[in-house]
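Peer 1: In case you want the letters, here they are:
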Amino acid sequence: MTKRIGMEVSLALSEAVKLADVDCVAAYPITPQTHTVEHLSELVADGHLDAEFIPVESEHSAMSVCIGAAAVGARTFTSTAGPGLALMHELLFIASAMRFPIVMAVVNRTLSAPLNIWNDHSDIMASRDCGWIQVFVENGQQAFDQTICAYRIAEDRQVLLPVAVNLDGFSLSHMVEPLAFVSQELVNRFLPAYQPLYTLHPDQPMTMGAFAMPEIFMETKKVHEVALRQAKPVIQKVWDEWANLTGRQYQPIEGYRMEGAEIGILAAGGVCEVAMGAVDRLREQGKAAGLLKLRLWRPFPFEELRQMVAKLKTLVVVDRALSTGGPGGPIFSEVRSALYDEQKHPQVSGFIAGLGGRDVPPEHIMEMVTRATGAQEKKEEFTMIGIRERG
Amino acid sequence: MAKPMEQYTWEELTVGSVVTEPGNAREYKTGDWRSQRPVVEKEQCIKCAVCWIFCPEPAVYETEDGYYLANLEYCKGCGICAQECLTGCITMVEEEK
Chain A
258 MTKRIGMEVS
268 LALSEAVKLA
278 DVDCVAAYPI
288 TPQTHTVEHL
298 SELVADGHLD
308 AEFIPVESEH
318 SAMSVCIGAA
328 AVGARTFTST
338 AGPGLALMHE
348 LLFIASAMRF
358 PIVMAVVNRT
368 LSAPLNIWND
378 HSDIMASRDC
388 GWIQVFVENG
398 QQAFDQTICA
408 YRIAEDRQVL
418 LPVAVNLDGF
428 SLSHMVEPLA
438 FVSQELVNRF
448 LPAYQPLYTL
458 HPDQPMTMGA
468 FAMPEIFMET
478 KKVHEVALRQ
488 AKPVIQKVWD
498 EWANLTGRQY
508 QPIEGYRMEG
518 AEIGILAAGG
528 VCEVAMGAVD
538 RLREQGKAAG
548 LLKLRLWRPF
558 PFEELRQMVA
568 KLKTLVVVDR
578 ALSTGGPGGP
588 IFSEVRSALY
598 DEQKHPQVSG
608 FIAGLGGRDV
618 PPEHIMEMVT
628 RATGAQEKKE
638 EFTMIGIRER
648 G
Chain B
8 MAKPMEQYTW
18 EELTVGSVVT
28 EPGNAREYKT
38 GDWRSQRPVV
48 EKEQCIKCAV
58 CWIFCPEPAV
68 YETEDGYYLA
78 NLEYCKGCGI
88 CAQECLTGCI
98 TMVEEEK
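If you read the protein sequences in the order shown, they are chains A and B. Per our numbering, the very first residue in the first sequence carries number 258; after that it's consecutive. Per our numbering, the very first residue in the second sequence carries number 8; after that it's consecutive.
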């Protein structure tokens with residue numbers, strides 16, 4: 258039996274960064290990410306982590322520093338949340354297009370207004386198209402594991418892309434959980450020293466981040482697109498290797514009680530833990546329900562999705578972000594689009610829940626299933642669950 | 008760059024579009040952005056090289072007889088040389104369409 262240690266997830270995340278032996282941390286404190294960054298600054302100040310800790314004046318600068326540090330061959334880390342990710346937005350595209358293997362923990366928080374510091378996925382969904390590998394975790398162990406795996410994936414010569422590890426603010430980041438840590442020796446074996454493909458050095462001058470005329474810009478985007486898509490087998494390979502070392506296996510989409518399922522619930526992040534409970538209750542009621550946990554958001558796991566939903570009659574998609582005035586939640590619209598050309602596919606229903614830290618109890622998940630499998634009401638694009646209405 | 012940009016396929020590009028050959032911006036001629044060009048009145052020129060110092064491109068070069076002229080393949084017509092010239096021997100002239 259692995260020994261487990263109780264620790265706040267924010268701090269466990271910092272411990273994972275320490276085990277990854279990063280060279281540079283640049284971050285601006287923002288709720289609910291603060292504990293991670295505070296703890297990293299302590300680890301550096303107390304001499305437990307030999308890294309440059311650069312306190313910057315904004316998230317725009319945090320990512321700029323990470324880009325500069327990565328350009329000279331440093332293993333870098335940053336973390337942000339909600340409005341911080343929004344302020345970093347411009348640099349996200351630069352980091353990925355310049356192919357720097359930066360790792361960032363996004364402690365998901367909503368976007369104002371009204372001012373709200375709590376969790377949903379509005380922040381990462383607004384940055385969805387930034388060209389990063391994007392992973393969702395649902396508990397502290399996954400946050401710890403995925404942070405270490407992220408460096409191995411990002412720095413693989415077949416990949417060379419930044420990775421965002423998404424974890425829910427407060428409802429996950431501030432939980433104290435029993436965690437299985439790994440030894441420095443294991444991490445050293447799993448994650449060799451970063452060997453950059455190109456580095457800025459006076460001995461071999463080169464230009465990074467040059468400009469590109471219309472004659473060549475689209476070709477550069479094609480390179481990026483292909484690199485992100487082709488990262489998927491590498492991601493799986495790294496996760497398989499992690500499973501061999503720790504016994505903890507990850508997949509682009511992970512199924513829970515999907516045997517013989519006719520109703521599927523697809524969700525990302527901490528709400529999956531609640532949805533597992535809802536699935537258990539539905540099964541007790543004799544309903545053939547199962548859960549699909551979306552682990553890998555970019556590159557999007559099209560093949561895995563099509564294969565896993567092939568036998569479903571109903572697919573409920575839970576989004577914790579609203580594409581206001583659009584087709585519904587970002588995950589819902591992508592899932593429905595991914596299944597459009599399939600000859601046989603489940604009825605896909607989209608639900609928005611848990612915005613700005615609103616609790617999503619199992620009853621809400623069960624209500625989604627009832628609505629999705631019930632008589633067809635006047636069909637709207639999607640349904641917001643848990644809204645108080647007049648009358 | 009060994010060939011013009013429009014001849015590159017995406018498969019030929021470096022990771023991150025890194026430019027590994029220093030100084031190859033020279034092959035990229037930017038002079039056609041210009042709407043005005045500097046014209047030097049040599050009789051007033053004292054060969055002080057202030058225009059050479061201030062040109063941000065840098066497109067100003069020294070001729071064999073010691074004068075300073077702008078290489079029109081790179082000069083973008085910003086007019087800084089005319090502004091800084093000590094004797095006022097440089098005038099900016101409209102490029103003809």
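Take the hints with a grain of salt, since some may be wrong.
[Unchecked claim] Heads up, simulated DSS-like pairs for lysine-lysine below, C-alpha to C-alpha not over 27 Å straight-line:
#1 K10/B - K83/B
#2 K568/A - K544/A
#3 K10/B - K54/B
#4 K478/A - K494/A
#5 K10/B - K479/A
#6 K544/A - K601/A
#7 K478/A - K36/B
#8 K49/B - K83/B
#9 K478/A - K49/B
#10 K36/B - K479/A
#11 K494/A - K479/A
#12 K544/A - K494/A
These are computed hints drawn from the structure, not numbers from a lab.
Peer 1: Run every hint past the structure and note whether it holds.
Peer 2: Structure-based check of each hint:
| no. | hint | in the structure |
| --- | --- | --- |
| 1 | K10/B - K83/B | holds (23 Å) |
| 2 | K568/A - K544/A | holds (15 Å) |
| 3 | K10/B - K54/B | violated (37 Å) |
| 4 | K478/A - K494/A | holds (25 Å) |
| 5 | K10/B - K479/A | holds (20 Å) |
| 6 | K544/A - K601/A | holds (21 Å) |
| 7 | K478/A - K36/B | holds (24 Å) |
| 8 | K49/B - K83/B | holds (21 Å) |
| 9 | K478/A - K49/B | violated (49 Å) |
| 10 | K36/B - K479/A | holds (26 Å) |
| 11 | K494/A - K479/A | holds (24 Å) |
| 12 | K544/A - K494/A | violated (35 Å) |
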